[in-house]
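As they're listed, the protein sequences go chains Z and H.
The numbering of the first sequence is our numbering, which starts it at 1 and goes up by one.
The numbering of the second sequence is our numbering, which starts it at 1 and goes up by one.
Everything labelled a hint here was simulated from the structure, so no lab data went into it.
There's no promise every hint is true.
To be verified - Among the chain H residues that face chain Z by a calculated CB cut under 8 Å, a handful are:
1. D25
2. A28
3. L50
4. D52
5. A63
6. V93
7. V96
8. P196
9. L200
10. V203
11. T208
12. Y209
13. D213
14. Y215
15. F219
16. E220
We put the CB at the ideal spot given by N, CA and C, even for glycine.
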Amino acid sequence: MAIKLKEIANKEERLVAGHRFCAGCAEPILTRQILNAIDDPVVLSCATSCMEIATSIYPYSSWRVPWIHSAFENASSTIAGAEAMYRSLVRQGKIEDRGLKFIAFGGDGATYDIGLQWISGCFERGHKMMYVCFDNEAYMNTGIQRSSATPLGAHTTTSPAGTVIPGKQQWRKPLTEIFAAHHIPYVAQASPSRWRDLMNKAQKGVAADGPAFLNVIAPCPRGWRHEPEEAIELAKLAVETCYWPLYEVENGQWKLNFKPREKKPIIVWLERQGRFRHLFQPQFRHVIDEIQAKVDEEWERLLERCGEA
Amino acid sequence: MPKSKIRALDGAHAVAEAMRQINPDVVAAYPITPQTAIVQTFSNFVADGLVDTEFVAVESEHAAMSTCIGASAAGGRVMTATASAGLALMWEVVYVAASLHLPIVMPVVNRALSAPLNIHCDHSDSMGTRDAGWIQLYSENPQEAYDNVIQAVRIAERLLLPVMVMQDGFITGHGVERVDVLDDGTVKGFIGEYKPEHSLLDVDNPATYGTWDMYDFYFEHKRQQTDALSKALPAIVEVGEEYGELTGRKYGIFEAYGMDDAEMAIVVLSSSAGTARMVVRGLREKGVKIGLFKPRVFRPFPAKEFAEALADVKAVGVLDRSIVFGAMDGLGPGPLYLELCAALFAAGNTTTRVADYVFGLGGRDIIPAYVEQVAQDLAEIAETGEVKTPVSYLGLRE
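Only chain H is shown next, with the shape it has when bound in the complex (with noise of 0.2 Å):
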């Protein structure tokens, strides 16, 4: 085992200090809450020396993806951070990063998105963006974060996709935990040298970025957008094999608690997902068949693997932490949901169950009384086979 010091961080220390030990050559952020203590935190880090950082101190987040698309382009390491607004500003540009295959890395505090005004934990930031051509991975905690900030630079150099790094804004982001930092050594040797295959500052070698692309050619620019995604699962998972024998923490596209036997299973990201195995363990505790099904890669949808998963659960409450407006009649189901009822049907799998459960809307705390309440329904959809209410609200008044 390399060299590690625990320390007391909450997430967006923890992701600050892995942006620390990547020493990126450019950064350009602008500050959001809950993504600041990420900023700020890196800026001292610059200030003081520690890195080699240019640091670019933008007027918006959009000019911060726009700025790390200029950098990237010019062949290096390049990393911002936001949340919420931040990432609704720089949509336009989010889908111009990953269409040019630039491997910019961006932490991202979820946040709810506005309005009304609210600075809590939800999903629709990152979701807002799941189609956009990234790579996301989710976080439970700030250990999770910092793992996976450091694992995706690997992963984005080598498909040349950028990579968003999810962790719950305020519950994980400004939530103190135990967290085992590798030595700086270490990670530097864990990303290596990046070496761009091609580089905008080539003035011998010149070349066109970003062209006009018309109908003659843009469609199969697009696939070839989504065949570099398809191929992403297997890099993802080599990546967090070769992290887990160098520090024994050990990453694939999901968890599985209590899975094995598991009649039932209740599916969520980031930190609820401890909440959940809390209430797991106790209901295994009793002699009930559940499980905790926890993905970390949401993009690309890891649909077959999922599906292979869930296989032989009778029942499966999906827990979503944001609303895709509109969709099912417009009875507000999350997108996890979408996507694994998707992945299942696909998979011709005709015996599972899902019910959807939309929780902790601009930070609404879930507590373990409402995951105790999903295990009851799918103890009930398990033994009739039938969904009564597709789609329900956690701790919601109404």
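Here chain Z stands alone, though its shape is the one from the complex (with noise of 0.2 Å):
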């Protein structure tokens, strides 16, 4: 379905103005972009998260449509939980079929690291869901701690930048291609500066016969250290830099969805955010340098992987 601006402004807010996420944090932009992409009603579950204290605090919520919290690694149970009482209460007769849409949000914390057995399992076994990971690339919410989706080299509070060791000293976990290895309908990698892509997969995602997986960036002012204005101009970077490519899966099908005319220098990025600013002292620029070599070689074999090679 084309996706018009004009009529996706003027449709109803389901996340509605008034939560206390930060200025200039790019969750509730994405997490807008993709509710206001689906015209079915839906059922949301949230991981412990940033987004659940910001939306959900008693006796307020900022929810127009079902939601639900329970704990930080269960997000995906929980709605695939929801999806199966529809199932069964649809096919026994007992209510109507009303084509609900389940969707299930989680952190990185809570989808790469404490909650991946929990997704993985709701994958195989095929549940009608959608999971969106925002991934701001550490636990903001408990006060920025390394996470497997933190970058080589980002400061946090557990991968401090010292004076021997520059920040976190891992890569990150290829978390989308671990999805997509569970053959899935469909997987996207997204982000909320190329807003018609991220909601066309939104669409995509809901649409798919069977479990479906966005993993989508998310600039966070307060744990990359950038201004509040520059979350979407940081997303457009990292899509640029090809450190966040923009592609998707579809029934084992690899599609690039964006290959920059460009290809921009990774230090581009980094140096607008503050957790990598001790790379850029004499003894730790080597950092810089392997950071560009791994993007190079991801970057490479998804080419490849998506025939663009």
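Put the two chains together into one complex; each comes in its own frame, and the hints tell you how they fit.
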């Protein structure tokens, strides 16, 4: 379905104003983009996260749609349970089939780390659900601790940049590929900076005949150390440097959704963020080269997979 | 009396049979010894189209309870079953289920916790979750496990609280006994239709479940939760009476055997009550004033009722099948003893003396001689009014 800006701007918001996200956070932006893309009624679950605490502080709620939070690692199983109940009640004729879509939201900590097994289980069992990871590359809600999504060299409070060790010492987990390897109908990587692409992917995800996974980069002014107005710009640079390629795997077909005319060097993305500041000291500059090498290696492999090499 | 059929079933199969008759909308479960017979048998029912249930064969017990939470919030009947490490693994979300007031029913086949690894019966698993906000019912034999599971559905949905139904691993779970199985229509009629007040699937009236709750409201919410549990006993009794009228098997909050003029009492949960009953019967024949007191409900703990029932008893021997590590200077009493002492103390009882006997850990057999030994101790305690050893261990090599 073609996405028209005018139409989506006039749609009733599902996540409403009054939430307590930080100024400049990408999460509410990408969440509204995803939910506005979907016309069907939705049921949401949410992992313990910034999103959870910013939108559900009792006795208020920012949600105009059914929403549940259970714990940190189980947003996937929770929504899978709701989806199983829906299927059961519809099959038994106890309720009407109204085409409900089931969506789970989790941060990178909930998705790459603590909740990986739960999501993997849900995907193997084929629940008709879409899991969205808002990847801000660390445990931001608890005060910026490293996750397996945190990139090499980034300063976090548990991978601090010291005088000897320059931030996180490992690269990141190839999570989108891991879920593509589950051979589910739809897996995609997206960015709020290319909203039309993200919204298309959200539509494809909920239309898929089975599980879908969206990994969306979500710049965090507090954790990445950038100005609030820079979030979308940084998401854009992540795409243009090929650090965060936009691609999808639809029924096993890998497709690149955006190929920059000119691939920008990773340094233009790194230098805008305080979490990489220490890398610009002479003794740690080699880490920038290592990051570039990782980005290049992953990009080349992706091009090959997408038949673009 | 409704139609029923006498069958030879072990406790696990009896519970699976109850689950078939309950026909839950969703069952999410993970296999663990000695609960496996429940999920396997239920899987067969699903495979043969005997239930309408959406069966979710999850990848862990934490996922089982997480799936049950989502499913129950979505407004249908939900069950799972577990044991031991499985219950321990789901501990976090066992709390979530109760705190969200989700009427999930969970049979538990009691088994010891690691380490060392042991697959046999004790009550460490369910006792580990005794403070999680669930109603806990303990069953002596396959018949009680079957009856309790059916009643649990009514209790849970009436109180909007989840219910655990315990039976002893292997002893009851794998022990084949005579079970009076009701006909399907009778069970269906007894449990009725479940009509949830709220549902996550109600997109026309969207609700937010499981909010972020700070110091300005959290405390009140926890208070409301204890309040809900404090109102549970009358409902449990009412359902038990109604079940009794229907089946001839009436259930209350405890069973008293030979307690009318008893000066001594043995208090024990689940299958070991059978052994204790036999010993008590023998002693009664010899004129010893001893009785058996078998709690059925452990949560909420019926403190007033228990204190009242034991008010005139001089000496009580509690048989505990788990240890509260570190309690009472590290003597290692069990939770039943601690709760019962607190109940007697709160009731102002200064005359009833209580001694605790930890037994049967990791499936160690309890034999009549051990219970006779307890009875001998109690006779001395009743006479002297003195408890020389507050916590002892039965059948332990030392």
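Evaluation of the provided hints:
1. D25: With a minimum Cβ separation of about 4 Å from chain Z (threshold 8 Å), the hint on H:D25 holds.
2. A28: Interface hint status for H:A28: holds (6 Å vs cutoff 8 Å).
3. L50: violated (14 Å)
4. D52: Holds, about 5 Å.
5. A63: holds (5 Å)
6. V93: holds (6 Å)
7. V96: holds (5 Å)
8. P196: At about 10 Å, which exceeds the 8 Å cut-off, the nearest Cβ of chain Z leaves the hint on H:P196 violated.
9. L200: This interface hint holds because 5 Å falls under the 8 Å limit.
10. V203: holds (4 Å)
11. T208: Since chain Z brings a Cβ to about 4 Å from H:T208, closer than 8 Å, the hint holds.
12. Y209: Holds: closest Cβ of chain Z sits about 4 Å from H:Y209, inside 8 Å.
13. D213: holds (4 Å)
14. Y215: For H:Y215, the interface hint is violated, since the closest Cβ of chain Z sits about 11 Å away, which is over 8 Å.
15. F219: violated (12 Å)
16. E220: Because about 10 Å separates H:E220 from the closest Cβ in chain Z, which is outside the 8 Å limit, the hint is violated.
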